[in-house]
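*Asks:* One line per chain: the protein sequences are E and F, in this order.
Per UniProt numbering, residue 1 is the first one in the first sequence, and the count goes up by one each step.
Per UniProt numbering, residue 1 is the first one in the second sequence, and the count goes up by one each step.
You can take every hint at face value.
Derived contacts from chain F toward chain E, CB cut-off under 10 Å, selection only:
1) T19
2) D21
3) Q55
4) R63
5) Q127
6) L130
Hints were generated in silico from the structure; no laboratory data involved.
Since this is a predicted model, take the numbers as computed values, not measurements.
Ideal placement from N, C-alpha and C gives every residue a C-beta, glycine not left out.
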Amino acid sequence: MTDPRHTPDDELIQHFRQHSTGEPPASLDAFILNAARREAPAPQPSLWQRWLHACQRPRWQMAFATVAGLALMIGVVMRSPVPQPNIPTATFSALHEDAAQPAPQAFSAPAPAPMARIAAAPKAESAPVQAEIAGALADQSVAKMRKRAPVARPSLEQGLREIIRLREAGDSKAADEQLLALHARFPNEDLPARLEALQKR
Amino acid sequence: MAVPDDPPSDESLLARYRTGDAAAFEALYARHRQGLYRFLVSLCNKAELAEEIYQETWLSLIRSSTQPQGRASFRTWLFQIARNRLIDHWRKHGVHNPLHDSYDEQLHAQADDSAGPEQQLSLSRDQARLDAALQDLPEDQREVFLLRLHADLEVPQIAALTHTPLETVKSRLRYAQQKLRRLLAEEVPV
Numbered sequence: 001m002t003d004p005r006h007t008p009d010d011e012l013i014q015h016f017r018q019h020s021t022g023e024p025p026a027s028l029d030a031f032i033l034n035a036a037r038r039e040a041p042a043p044q045p046s047l048w049q050r051w052l053h054a055c056q057r058p059r060w061q062m063a064f065a066t067v068a069g070l071a072l073m074i075g076v077v078m079r080s081p082v083p084q085p086n087i088p089t090a091t092f093s094a095l096h097e098d099a100a101q102p103a104p105q106a107f108s109a110p111a112p113a114p115m116a117r118i119a120a121a122p123k124a125e126s127a128p129v130q131a132e133i134a135g136a137l138a139d140q141s142v143a144k145m146r147k148r149a150p151v152a153r154p155s156l157e158q159g160l161r162e163i164i165r166l167r168e169a170g171d172s173k174a175a176d177e178q179l180l181a182l183h184a185r186f187p188n189e190d191l192p193a194r195l196e197a198l199q200k201r
Numbered sequence: 001m002a003v004p005d006d007p008p009s010d011e012s013l014l015a016r017y018r019t020g021d022a023a024a025f026e027a028l029y030a031r032h033r034q035g036l037y038r039f040l041v042s043l044c045n046k047a048e049l050a051e052e053i054y055q056e057t058w059l060s061l062i063r064s065s066t067q068p069q070g071r072a073s074f075r076t077w078l079f080q081i082a083r084n085r086l087i088d089h090w091r092k093h094g095v096h097n098p099l100h101d102s103y104d105e106q107l108h109a110q111a112d113d114s115a116g117p118e119q120q121l122s123l124s125r126d127q128a129r130l131d132a133a134l135q136d137l138p139e140d141q142r143e144v145f146l147l148r149l150h151a152d153l154e155v156p157q158i159a160a161l162t163h164t165p166l167e168t169v170k171s172r173l174r175y176a177q178q179k180l181r182r183l184l185a186e187e188v189p190v
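Looking at chain E on its own, in the form it has when it is part of the complex (with noise of 0.2 Å):
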């Protein structure tokens, strides 16, 4: 295939291509390239190396250890567990607690002031669980309470009052029920005298 701009110019470039002679000589060849590798430009480091010669160097070591201490500070603080109340120390509390104090206050046992203020923090994500939780352990505390814990018996006077108001009205067969009771547990006491004198009062 002829190249159809082809012209006797081009055909007198080629002949003198085809017939030039010459190289360089292999010892000069040697000089230059040796000289290119020589000074050729230290290649580039790449981001992840120079993050790791930066980390290398002192200074900038304690900052990353600055940092990394605190990071880790924050999140051993951020996920520390919240205090769980401890149910049988509460039940025993409870126990030992004037009867009429509400069973629930058994949890708010004073805590240490830190875990009060990390029990009081916010925490977006456990709250909503942490109160279910709660409300679930203390519901289950209170059931044991009340069943624990000894029923208040009313005094002796109060029992005489609840007879003579019986009696008012009308219902004599309990007023004589309690005052059997009230006999029972007061075998020493003068119960007809003290109601009378009640009565009179």
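Since chain E is already given, all that's left is putting chain F on it; use the hints.
*Replies:* Leaving out everything else, chain F in the frame of chain E:
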């Protein structure tokens, strides 16, 4: 079947060398070592001087951190460095720079009566005769012809490199080729 990738351009090889890839320079050197060397030998006609300029040109390129500017190709840039180095050498040693001679193209134009299609002529293949014909050319014609021959540059690139008007380059190239054809013509025995 996978199609082989195009070879990287001269400019990309130089850019890779500038970022530390020594192998890129070896590829670049292999492409241009022969053309540049022959250009210098033919232009100054002294092997020792040609080698000196050749070495300086490559070392200058190695130690420089610049790239070809604007639309100039690497090849144009490389040959321009070599040409400037040669001119500097001549200037430094008080040698008259033949490339700057003003030359009357018309006076040296001779009728080319040897290239007619009816004539059975061929060009001499004798190396000594080829060299002699090149050296017989006026300096500026020889420079233009050698840039076309060894650097494979087009006329506009030669004009830019030599800071010569385009038409002047064209006429120099035409006269050079006419003269060479005449000097190398051999009659084919029938």
